[in-house]
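Q: As given, the protein sequences belong to chains A and B, one line each in that order. If you're matching positions, the first sequence starts at 1 in my numbering and goes up one per residue. If you're matching positions, the second sequence starts at 1 in my numbering and goes up one per residue.
Note that these hints are calculated values from the structure, not bench results. Please note that a few of the clues may not be correct.
List time: in silico DSSO-like cross-link candidates among lysine-lysine, alpha-carbon distance up to 30 Å [unchecked claim]: (1) K70/A x K202/A; (2) K5/A x K8/B; (3) K144/A x K202/A; (4) K5/A x K46/B; (5) K5/A x K151/B; (6) K151/B x K4/B; (7) K138/B x K151/A; (8) K46/B x K163/A; (9) K163/A x K144/A; (10) K7/B x K166/A; (11) K46/B x K151/B; (12) K5/A x K138/B.
Below are the chains, spelled out letter by letter.
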Amino acid sequence: MTDRKNARLLALAGMIIFISTIAVLLARQFNIGPERPSPAFRTFGPVTAPVQIYEYTDFACPACRHAAAKIDEMIRIYGPGLRVSFKHYPLMNIHPWSMHAAAYADCAGEQGKFKEYGELLFEGQEKWAQAKEQPGEFEEYAVKLKLDWQKIQACANSPETLKTLKLDMSEGDMKGVNATPTFFINGKRAVGSGQLVDQARKFDNLLRAAKP
Amino acid sequence: MNKKPEKKDILGLLARLALGGVFIYAGLMKALSPAEEFGYAIESYKVINAQLSLWSAYLAPWIELYAGLLLAAGVFTRFNTLFTGAMLVFFEIMLAQAWFRGLAITSCGCFGSGKGNSISLEFTQNLVFLALAWAAHKYGSAYSADKAVAKP
Numbered sequence: 001m002t003d004r005k006n007a008r009l010l011a012l013a014g015m016i017i018f019i020s021t022i023a024v025l026l027a028r029q030f031n032i033g034p035e036r037p038s039p040a041f042r043t044f045g046p047v048t049a050p051v052q053i054y055e056y057t058d059f060a061c062p063a064c065r066h067a068a069a070k071i072d073e074m075i076r077i078y079g080p081g082l083r084v085s086f087k088h089y090p091l092m093n094i095h096p097w098s099m100h101a102a103a104y105a106d107c108a109g110e111q112g113k114f115k116e117y118g119e120l121l122f123e124g125q126e127k128w129a130q131a132k133e134q135p136g137e138f139e140e141y142a143v144k145l146k147l148d149w150q151k152i153q154a155c156a157n158s159p160e161t162l163k164t165l166k167l168d169m170s171e172g173d174m175k176g177v178n179a180t181p182t183f184f185i186n187g188k189r190a191v192g193s194g195q196l197v198d199q200a201r202k203f204d205n206l207l208r209a210a211k212p
Numbered sequence: 001m002n003k004k005p006e007k008k009d010i011l012g013l014l015a016r017l018a019l020g021g022v023f024i025y026a027g028l029m030k031a032l033s034p035a036e037e038f039g040y041a042i043e044s045y046k047v048i049n050a051q052l053s054l055w056s057a058y059l060a061p062w063i064e065l066y067a068g069l070l071l072a073a074g075v076f077t078r079f080n081t082l083f084t085g086a087m088l089v090f091f092e093i094m095l096a097q098a099w100f101r102g103l104a105i106t107s108c109g110c111f112g113s114g115k116g117n118s119i120s121l122e123f124t125q126n127l128v129f130l131a132l133a134w135a136a137h138k139y140g141s142a143y144s145a146d147k148a149v150a151k152p
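The task is simple: from the sequences and hints, build the whole structure.
A: So, in structure tokens, the structure goes:
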């Protein structure tokens, strides 16, 4: 009798464990769960915006450069209806300097110039992305924007910066991001600027309602 | 005729559900966040190295989630309450050593990435959870899967 009871309980425990594991793994894939906020300098638009976009980006990826222009255009058109948060997802296996670029951009952000530094990185992408040695462009852009390069270097080498980048990347991995740019528009996934525009159209009524 | 539920059975059930709920929530919040985040929190207790902290961060949320679900359902209730109680004692030891060593713990890692309470508050909160584990161990076998499968 006890053996039968234990067998039943074991079967029940196994079922609970199996179902809950599948549920959690699905929840990860469908982006259900807490969203880690990006640092303030990487976030644009009001907190209350009805459409929230998270973009996983890599400064060395050409498709991300095109998407950045698209995002800028959307921010211009929809204004307060939109909030965009950038997350780093450097594809280091194909872009040897993208991790460095992400770190320098964040450190430029600490000095209030994330967007401007990011724009220069995208503009000069072809010059530095496949460089054999440490590209001089990183310093050049910092000087152009009148940023403190020594400070940026110290910040880029700090464990805190590395930690922030790693957390973005592991969050992306967990959500099944494997290409850049990947967007989550109010939780809905879109890969590339074409899908971004398609998905954003679905929220057109919300975006228009929030227009000033 | 159905027996009228006794007060202690209700207390046991409530304690089981409350403690199970706490473990489910804690496990879920961590399982749905990057393991590195919880890994950094474990690292800040300065007991194990970064690599082991990360492995613990991969494993612990699932254990908490399963323990919470089995406890709430009342599967192997007596063993489960002892197991969750032992986990809580372990958490108390971790918190206490951090407290005594004056470590700067910005997030205890108890419920995922959210900024945690002070160590002393977390310590007191865990004492309440331990009391729930005791009540669930003593009176929690009523209205459980253990009881349901025992019926002929």
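Q: Give a verdict on every hint.
A: Do the hints match the structure? See the list:
1. K70/A x K202/A: Judged against 30 Å, a Cα distance of about 16 Å means the pair holds.
2. K5/A x K8/B: holds (24 Å)
3. K144/A x K202/A: violated (40 Å)
4. K5/A x K46/B: This hinted pair is violated, its Cα atoms lying about 43 Å apart.
5. K5/A x K151/B: It holds: about 9 Å lies between the C-alpha atoms, which stays within 30 Å.
6. K151/B x K4/B: holds (18 Å)
7. K138/B x K151/A: violated (60 Å)
8. K46/B x K163/A: holds (17 Å)
9. K163/A x K144/A: holds (27 Å)
10. K7/B x K166/A: violated (51 Å)
11. K46/B x K151/B: Violated, because 49 Å separates the two Cα atoms, which is more than 30 Å.
12. K5/A x K138/B: holds (21 Å)
In summary, the numbered hints that this structure violates are 3, 4, 7, 10 and 11.
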